[in-house]
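Student: Listed here are the chains, written in short residue letters.
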Amino acid sequence: MVLIGIQSTTLAVTAAITGVVLVAAALIIAWLIAPRSYTKKKGEPYECGMPTRGDSMAQFHVGYYLFAILFLMFDVETVFLFPWATICKELAASALLAVGTFLVILVLGLAYAWKKGALEWK
Amino acid sequence: MFDFGIVTKWINDLLLGVMPQWLATTIECAIVGVALLLMYSVIAIIYIFYERKVCGWIQCRLGPMRVGPWGLLQVFADVFKILTKELITLWDTDRLLFMLAPYFVVVASMLMFACLPWGNGLQMIDMNIGVFFIAAVSSIGVLGILLAGWSSNSKYTLIGAMRSGAQMVSYEISTGIAMMTVICLAGTMSISGIVEAQKDGWFIFTGHIPAIIAFVIYIIAANAENNRGPFDLPEAEHELTAGYHTEYSGIHFGFFYLAEYLNLFIVSGIAALLFLGGWMPLHISGLDAFNNVMDYIPSPVWFLGKAFFMSFVFMWIRWSFPRVRIDQMLKLEWKYLMPLGLFNLVLMALCVSFGLHF
Chain A
1 MVLIGIQSTT LAVTAAITGV VLVAAALIIA WLIAPRSYTK KKGEPYECGM PTRGDSMAQF
61 HVGYYLFAIL FLMFDVETVF LFPWATICKE LAASALLAVG TFLVILVLGL AYAWKKGALE
121 WK
Chain B
123 MFDFGIVTKW INDLLLGVMP QWLATTIECA IVGVALLLMY SVIAIIYIFY ERKVCGWIQC
183 RLGPMRVGPW GLLQVFADVF KILTKELITL WDTDRLLFML APYFVVVASM LMFACLPWGN
243 GLQMIDMNIG VFFIAAVSSI GVLGILLAGW SSNSKYTLIG AMRSGAQMVS YEISTGIAMM
303 TVICLAGTMS ISGIVEAQKD GWFIFTGHIP AIIAFVIYII AANAENNRGP FDLPEAEHEL
363 TAGYHTEYSG IHFGFFYLAE YLNLFIVSGI AALLFLGGWM PLHISGLDAF NNVMDYIPSP
423 VWFLGKAFFM SFVFMWIRWS FPRVRIDQML KLEWKYLMPL GLFNLVLMAL CVSFGLHF
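Read top to bottom, the protein sequences are chains A and B.
Residue 118 in the numbering used here sits at position 118 of the first sequence, with consecutive numbering throughout.
Residue 411 in the numbering used here sits at position 289 of the second sequence, with consecutive numbering throughout.
Keep in mind that the hints are not guaranteed to be accurate.
[Said to hold, decoys possible] Here are the simulated DSSO-like cross-link-like pairs (lysine-lysine), alpha carbons at most 27 Å apart as the crow flies: (1) B:Lys207 <-> B:Lys277; (2) B:Lys131 <-> B:Lys175; (3) B:Lys453 <-> A:Lys115; (4) B:Lys277 <-> A:Lys116; (5) B:Lys277 <-> B:Lys453; (6) A:Lys42 <-> B:Lys453; (7) A:Lys41 <-> B:Lys277; (8) B:Lys203 <-> A:Lys115; (9) B:Lys203 <-> A:Lys42; (10) B:Lys207 <-> A:Lys40; (11) A:Lys41 <-> B:Lys203; (12) B:Lys203 <-> B:Lys175; (13) B:Lys321 <-> B:Lys131; (14) B:Lys175 <-> A:Lys89.
Source of the hints: derived by calculation from the structure; they are not laboratory data.
Just so it is clear, the structure is predicted and the values come from calculations on it, not from any experiment.
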């Protein structure tokens, strides 16, 4: 649980700060030694040399949205299954039955999505 | 096995002898941070060189050879070069999000990196929900990639980020289920607990058939989650230039590159932790003499050896298979890997609950 008496939360925060420091320090070094130029054409997005047409922050393909929704469903399921997996050894048969029911309902959902064609890439 | 906890405890006692608790904790946190930073950079440098050499070897060439002996200094030259490149800011970008994206990516990989069990008593973050924490933190990386793609205001980056997002969140479920299979067997989520549970044999050997299936699922899913190998659609260079980091230049691009290689190491480390025993030496019950000899090899060597071996497997896959299409990739996850993973989890639960062996 603890390394030399420090809570793991403190250490997690330390690791996060280390990451921020790494990025910030490297950016400062690069800012100090990198050259700078102010050509106007430099700010164009790279689209194979063609002038950009329209805004790129556009609405996007619905296929990705469907998979995001499916992901949400199964990710929540993962959250429910993690604690069960931890104590599955001790609870044995009763927990297995309960989770079996839960999984059957869930797989029914997946089967419905499959049959509806939500898993096809269009 | 030498317990590195003795060393950390000695440092702790030494500090507590001359200063109050809060100051000692602060200094220890600073030491941990510096150690983390050093390991992070060293591993990144080793891995970039490693990948190039393995790639060259698989393609029947030598890899970097000019800078330094066997090209050993090539990576340092590259790092210096990338630092001296101009940081271009584009028109019409969302400046804040554009600057923020590398932080997300690097912090996510740093947090996962700190969770790895380096050796006996050498572990920075050891929570009782360790594996779950890793799974949770790995999703922050997706956020960074989506931000990078969206804020750059270019079509290539947007498509690359969307593909990357779809791929990473999809395959996250499979890695989660493979992790759960191991948790089922170990009966604990803490990383040190999982390592400890593999004292008498690694899970790949003692976990019956479900552990082997979970291992294969984990390798495929982790490869896809890293945007590597046959699943490198987000940066398919002939379609999308470079995917979500097309518009990043200089060291900005370097962060994504860095995080990619570190994620390779982290994923290999987690595979080593879950299936190959973390830092546990190879023990065969009954052969005491053999076990004693294995105990003489220090635990960090074991962990690094396993992680490097797993990375070699990942590189081998990367340079052997052609890239898949996006519909094939999503089909593989949702129609094959995930149902198989769920079935495998139930199988493992049956094994554990009723003591079945097969």
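Student: Holds or violated: lysine 42 (chain A) and lysine 453 (chain B), Cα atoms, limit 27 Å.
Tutor: violated (40 Å)
Student: Has the given pair, lysine 175 (chain B) with lysine 89 (chain A), been kept, meaning a C-alpha gap of at most 27 Å?
Tutor: violated (45 Å)
Student: Take the C-alpha atoms of lysine 131 (chain B) and lysine 175 (chain B), compute the straight-line distance between them, and say whether it is at most 27 Å.
Tutor: Violated, because 40 Å separates the two Cα atoms, which is more than 27 Å.
Student: With the threshold set at 27 Å, check whether the alpha-carbon distance from lysine 203 (chain B) to lysine 175 (chain B) stays at or below it.
Tutor: Status holds; Cα separation ~20 Å.
Student: Hint check: lysine 321 (chain B) vs lysine 131 (chain B), CA-CA at most 27 Å. Holds or violated?
Tutor: holds (24 Å)
Student: Between the alpha carbons of lysine 207 (chain B) and lysine 277 (chain B), is the straight-line distance 27 Å or under?
Tutor: holds (24 Å)
Student: Taking 27 Å as the top limit, are the C-alpha atoms of lysine 277 (chain B) and lysine 453 (chain B) close enough?
Tutor: holds (25 Å)
Student: Below or equal to 27 Å on CA atoms is what counts here, so check lysine 203 (chain B) against lysine 42 (chain A).
Tutor: holds (20 Å)
Student: Quickly compare the C-alpha distance for lysine 207 (chain B) and lysine 40 (chain A) to 27 Å and report which way the hint goes.
Tutor: The hint holds at about 18 Å.
Student: Next pair to validate is lysine 277 (chain B) with lysine 116 (chain A); report whether the Cα-Cα distance is within 27 Å.
Tutor: violated (31 Å)
Student: Verify the proposed pairing of lysine 203 (chain B) with lysine 115 (chain A), using a straight-line Cα cut of 27 Å.
Tutor: Not OK: lysine 203 (chain B) and lysine 115 (chain A) at ~53 Å, beyond 27 Å, violated.
Student: Lysine 41 (chain A) and lysine 277 (chain B) were given as a pair; does the straight-line alpha-carbon distance stay at or below 27 Å?
Tutor: holds (18 Å)
Consistency note: the structure conflicts with the earlier hints numbered 2, 4, 6, 8 and 14.
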